[in-house]
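Working from the sequences, and respecting the hints, build out all of it.
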Amino acid sequence: MNNENISERLNTSKVSTWLADNIVSLIFVAFTIFGFLVSDGVTMNFFLTELSSRFFRNAFLVLSLIIPVVAGLGLNFGIVVGAMAGQIALAIVLYFGWGGLNGLLLTMLIALPIATLFGYLTGILYNKTRGQEMIASLMVGYFANGLYQFLFLFVVGVIIKVPNTHPMIKPDGIGVRMTVDMGAYDKGGLKYALDKIWEIPFMWAILAVFAAILLLQIWKIIRNKKNPSLYRYNMTMTVLNIILSLVMIVISLYAITTNSSLMMVRKVPVVTGLLIVALCIFNELILKTKLGQDFRSVGQSQHIAEVSGINVDKTRIIATIMSTVFAAWGQIMYLQNMGTLNTYGAHMQIGLFSVAALLVGGASTQRAGVKHAIWGTLLFNSMFIMSPEIGLSLFGNALLGEYFRTFMVYGVIGLALGLHVWRTNKKGKVTLN
Amino acid sequence: MVEVKRKKTTFRDIVNKIGFPTIFIGGFWILLLIAGGALGISVITLLSDTIKRAGMNGILVLAMVPSIQSGTGPNFALPVGVVCGLFALVCSIEFGFTGWAWLFVSIAFAIPLATLVGYLYGRLLNAVKGSEMTIATYTGFSIVAAMCLAWLMIPFQSPNMGWFIGKGLRETIQLDAIGGAHILSNFLRFSLFGEKGFITINGESGIIIPTGMLLIFFICCIIVWLYFRSKSGIAISAGGINPKFAQSSGINIDRCRIKANVLSTILGAIGIIVYSQGYGYAQLYTAPLMMAFAAVAAVLIGGASASRAKVSHVIIGVLIYQGLFTTALPVANQLFEGTDLSEILRMVIQNGIILYALTQVKGGDN
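Going line by line, the protein sequences match chains A and B.
The opening position of the first sequence corresponds to residue 0 in numbering that gives the first Met the number 0, with each subsequent residue numbered one higher.
The opening position of the second sequence corresponds to residue 0 in numbering that gives the first Met the number 0, with each subsequent residue numbered one higher.
Source of the hints: derived by calculation from the structure; they are not laboratory data.
None of the hints are false.
With a straight-line Cα cutoff of 27 Å, these simulated DSSO-like cross-link-like pairs (lysine-lysine) come out:
(1) A/K127 x B/K243
(2) A/K289 x A/K219
(3) A/K426 x B/K128
(4) B/K128 x A/K127
(5) A/K425 x B/K243
(6) A/K219 x A/K287
(7) A/K219 x A/K370
(8) A/K186 x A/K266
(9) B/K309 x A/K127
(10) A/K370 x A/K225
(11) B/K243 x B/K128
(12) B/K230 x B/K309
(13) B/K128 x A/K425
(14) A/K426 x B/K243
(15) A/K370 x A/K426
(16) A/K266 x A/K195
(17) A/K287 x A/K225
(18) A/K127 x B/K16
Anything over 10 Å on all C-beta distances counts as not near chain A; from chain B, calculated:
(19) I17
(20) G18
(21) I106
(22) F155
(23) R169
(24) F192
(25) W224
(26) Y226
(27) I240
(28) N241
(29) Q246
(30) Y278
(31) Q282
(32) Q333
Heads up, the beta-carbon is just placed ideally off N, CA and C, and yes, glycines get one too.
The following block contains the structure:
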């Protein structure tokens, strides 16, 4: 409603509003398609294998960004702090040599209080930097990185004495090594501890996902018939979704029955996938609780929320804690897939990449949902896979693609944020007039 | 009556006047200097390095003043100016200039380039009022990343800059080859407490004063100081303090903000040229990425806030900031061998002070 009014007042058509809303996603779709056209080295198999493993690695982290956006904190670059909490927990578990699924669960358990504490502290900081949360969250990542290095390079060894014979510790007995091997799952390590529990072929997973979407759409239709006024319902979208699901189901059934080359795509980790789905559902369901409604009202207007008796500061802190804890778990899931803990580098880019992915999915600083996170993770990682290939085939230089990738990450964040603020300011002017 | 007045200047007042961060970090620096002296590290060398590095970074820090005064916050998009300067510097080498000619051509080319880019950047900031700092950070990052592509793709020919194999520019360009290294630093250089008494011309030991470099820093400081006493400069400050009031007194805020950011970008461009000659190398690619944060931290340590800054804050800030880290490195290495404590200290202090300044920003959009 509101949006339509404004677009009328701005004398812009619906099409251009839609374009402006989705410009970032469109650029990425165009880029990926362009990549397929120019580079002949990329087969569908390679692309899907890369994409699915990257998706399962990153989706949880991207999803952890949603709650702060709803609560009006903007994009929480501070999930880096959560990632650090995850790595601290992981380092403890690795040090004592616990492994396997139990080791992984223990890591998540240890990460919980650490991340809660970190989230609480960053939450307090965000309350003190009201209106500047995003730049503050970026800086808190850099700041915490200093403390993190202090812990891993100095406290471990100088203050907490550790034996220098331990494989994790540097030969001089001070500090943790740059890279720590997490050990293979079947040898009692942590690598793939979550992923290897249960794996199914890629096309079966596609079949299952789209069958679920189909059922969901049918359920929506039935629900709408019973109670038309209760729910938001968009007929065209539902029909489109049903058609898409049917097409994908047919493709996957075809691939499974003929055993085509698509069956060679790497298998999909089911448990990791289920955890991602669980977080999606959690993010949706929490909005229906009292707490979720508080998040929303604080996100809409802190002043009105305060007046209506919501403890704004506390709500914002809870939102930050949740985001931080999920980020910690997300980082643990990410690392069990990587198999090595890159002690001083693994967390650095997490905030940047996750935020970029969310924005690519069409989110903004004030509006983000599960849909944006999933779609964004897919699109963003497609770009990541394609850019070195494009650099290689167009300019004969993969390094160029690497730089281009970095440019896209920063550019996307800048562009999406800039466009959003610019449009909000414009709207503000229109309403004032 | 007089006695009552005298009582009013308590210790707390002095702290408030100078600023808590300045006193705290300045005190820490002095403590480290004393510790360094006690550990047998030459304090003279430490001071000499401090002055050298303060001179190198001074103009980059000075670039923060106009943008803070205009109300757009510290110029987190300093890399925008920096890449302008680097581009001018590289072009000047490409056209075969050496020595002083190289320096002057670089600066002469950097100024119009930075003016143009700064104008566009100012327009951008006017479009995104309210979130300038975040957008500025990402504008800076994007420009650096885009220039990475440019350094690799622009067909420069000069053998002083290319990789030995393949296309594109080197990551660090030695300025020795074109006679540009330390060209300003060595101009009228002298040293204090050197081997030959109090002042030695062109001395190599003692506290080396890079006169030329300091001179250009102070000239820039004076220009900025004078500018903010001119009509146009006062308009910028007024717009920064209270935009609505300034607007109703007939000041065109948007133009003021653009002017300030053009000035800031120009200072960034000149700053990196001076920095590069003092360092002896021009660093391309991702080197400018994080430069803004160090400059922001320095001006904040000097006593500025996210909305008010003076030239004096720059001079004090850059001295303390650079002094602290030139001192911390050898002291930390001596105390705890094999640890990277000074780098950690730099990260914590640099980013901590920016966070502290952000908590002091009043308001918010709700």
